[in-house]
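Just so you know, the sequences run in chain order A and B. Counting from 1, one number per residue, gives the positions in the first sequence under the numbering used here. Counting from 377, one number per residue, gives the positions in the second sequence under the numbering used here.
Simulated from the structure, these hints should not be mistaken for lab results. Hints may be right or wrong, so weigh each one.
[Said to hold, decoys possible] The following residues of chain A were derived to be distant from chain B, with all beta-carbon distances above 10 Å: (1) Pro72; (2) Ile78; (3) Gly339.
[Said to hold, decoys possible] Derived contacts from chain A toward chain B, CB cut-off under 7 Å, selection only: (4) Gly59; (5) Phe103; (6) Pro106.
All residues carry an ideal CB built from backbone N, CA and C; glycine is no exception.
Each chain is listed here by its residues.
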Amino acid sequence: MSLSIDIRHRLGAFTLDAAFETSGRLTALFGPSGSGKTTLVNLIGGLLRPDAGRIAAEGRVLVDTATSAFVPKHKRRIGYVFQDARLFPHLTVAQNLHYGRFFAPPSERHGDLDGVVDLLGIGHLLDRRPNALSGGEKQRVAMGRALLASPRLILMDEPLASLDDRRKAEIMPYIERLRDETKVPIVYVSHSVAEVARLATEMVVLDAGRVVASGPTAKILQRLDLLPEEEQGESGAILDMRVASRDPAFGMATLASALGEIQVAGLDAEVGSHVRLRIRARDVLVATERPRGLSALNILPGTVLAVGAGDGPFADVQIDCNGQTVTARITRQSSHLLGLAPGLAVFAVVKSVTFDRTNTARAATSRAATNTDGVG
Amino acid sequence: MQSLQWLLDLTPDEWNAVRLSIRVATVAMIFSLPPGILIALLLARGKFWGKSVLNGLVHLPLILPPVVTGYLLLLTFGRRGPAGAFLDQYFGIVFSFRWTGAALACGIMAFPLLVRAIRLSIEAVDRRLEAAAGTLGASPAWVFATITLPLILPGITTGMILCFAKAMGEFGATITFVSNIPGETQTLPSAIYTYTQVPGGDAGALRLTIISIVIAMAALVASEVLARRVGRRIDPA
């Protein structure tokens with residue numbers, strides 16, 4: 001699956017002018033509110049017609065103003081999970097789930113009701129009406145409904161935005177399963193680094209209607225300066241790590257990757273499984289000597305790659321630890337006192353307790369593993 | 377018991393009037409429904425030149441004196457009227473001085489009420505649901521049939537009952553257009569009117585009045601029950 005976009009669209013005083021390509025399993029459109037994320041997915045889904053430009057998915061042109069091509073939304077076969085679920089109030093959950101299936105050409109139908117119901121854990125809701133569902137249940141049904149229409153691509157417009165933190169945590173594993181266990185690529189709109197870091201394989205950063213950056217999530221999230229200020233503290237290194245061992249006596253787990261070993265507290269994953277770890281930049285200390293008599297368990301030797309320069313009170317230090325980059329956000333004053341400069345040998349120190357449910361998640365299975373037949 | 381007997385002891389002409397009124401009102405309601413939905417859709421959703429003219433035309437029977445509407449119908453659909461002559465010649469349909477003409481007059485008089493009720497319910501439909509149905513592969517026609525229509529069903533029910541009730545009570549336009557012929561165009565209101573014009577007609581007028589009230593109340597109750605049932609399906613809260 002590949003998505004290629006190059007469009008210009010005006011909405012009042014706002015202008016969206018975006019061009020990017022992605023072939024990720026889950027591509028996040030990331031940016032502050034008003035940056036044009038929803039406009040962009042509405043253009044992809046065919047709910048809006050761009051003033052100018054071209055959108056193609058899987059080499060199929062969905063809209064091209066140069067040739068006046070426009071595929072209407074009901075023929076695009078692009079699923080859409082709205083922020084407000086939009087379940088049909090006059091139909092039961094089961095009827096909602098079946099709705100799109102009816103319109104999909106039989107030869108292109110994939111997935112079955114039982115499988116999807118199982119994947120999303122909505123079996124006990126089938127006979128209910130949408131009004132009798134909680135916000136989280138509604139979103140799961142909406143995902144199932146979109147998936148059962150056998151789409152070639154699923155758009156999700158901040159599906160967690162209207163939910164509280166507990167419900168969000170409840171739904172994220174289902175989105176991970178959707179990402180890993182179905183062949184349908186997902187475009188996911190979000191303004192939260194925590195969500196993007198956990199879910200996205202690729203990301204596109206939007207600001208004021210323009211693409212600021214796009215590429216693999218782990219790469220983009222290292223560049224704190226690309227992100228809106230209020231989200232910078234949430235960003236940092238994204239690492240896929242293997243669970244090497246567990247220590248039930250202390251409730252600890254050891255994760256391994258090229259970076260070295262990292263001790264994590266209270267992780268609920270089996271030995272040998274892969275997890276995605278987010279090391280928030282603000283959770284990383286920098287030491288110029290190996291610290292001793294310190295409670296923090298993770299002390300990673302490395303070399304300073306770059307020190308973010310700026311007039312603000314913070315300095316973002318990129319540290320190369322065995323080929324993996326870890327970003328540390330420290331004060332400009334500390335950086336000055338330590339004399340940090342590229343090439344300097346340092347130690348990145350991370351407390352084990354900073355890894356909680358919000359920054360450890362199951363790793364996205366690689367495309368090669370789940371997608372051997374090349375569909376999707 | 378005796379009073380009930382008195383109430384049901386109708387003369388053949390009175391029975392005719394009751395039956396005819398129900399038939400006229402039913403036919404008026406059924407035939408005005410499809411154009412009613414169409415025009416309600418146009419008025420609620422359409423963007424076209426002359427929309428306010430159409431809106432005015434639809435509402436005209438509500439504001440004009442019924443006699444004026446009846447006379448206009450006579451001019452247009454009468455035997456020598458342009459539409460009447462055409463329909464008579466090519467389709468053999470005659471409206472003037474027939475019960476079908478009464479149904480036409482009632483339908484037109486009730487049309488604004490029907491359109492208004494349906495239009496309001498269309499405007500209340502969450503269009504985002506229709507967009508969602510579109511992304512699931514439903515063409516605009518399917519979206520209308522499977523989403524819009526079920527959601528406006530309460531409005532349609534209300535409109536139909538209003539239309540039926542209005543048609544049952546229509547008098548001015550009907551008597552102007554198709555006169556007051558017992559067995560052919562004499563509906564309940566015309567029959568009551570006739571009774572009030574003859575000496576000793578009080579008992580008959582009262583009987584038919586009570587029957588009118590009963591039918592109207594029954595229609596109202598039916599609409600409440602239907603609307604509640606449909607409403608429960610859409611919103612169980």
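Cross-check of the supplied hints:
no.: 1; hint: Pro72; verdict: 8 Å, violated
no.: 2; hint: Ile78; verdict: 7 Å, violated
no.: 3; hint: Gly339; verdict: 56 Å, holds
no.: 4; hint: Gly59; verdict: 21 Å, violated
no.: 5; hint: Phe103; verdict: 3 Å, holds
no.: 6; hint: Pro106; verdict: 13 Å, violated
Against the hints set out earlier in the document, violations occur for numbers 1, 2, 4, 6.
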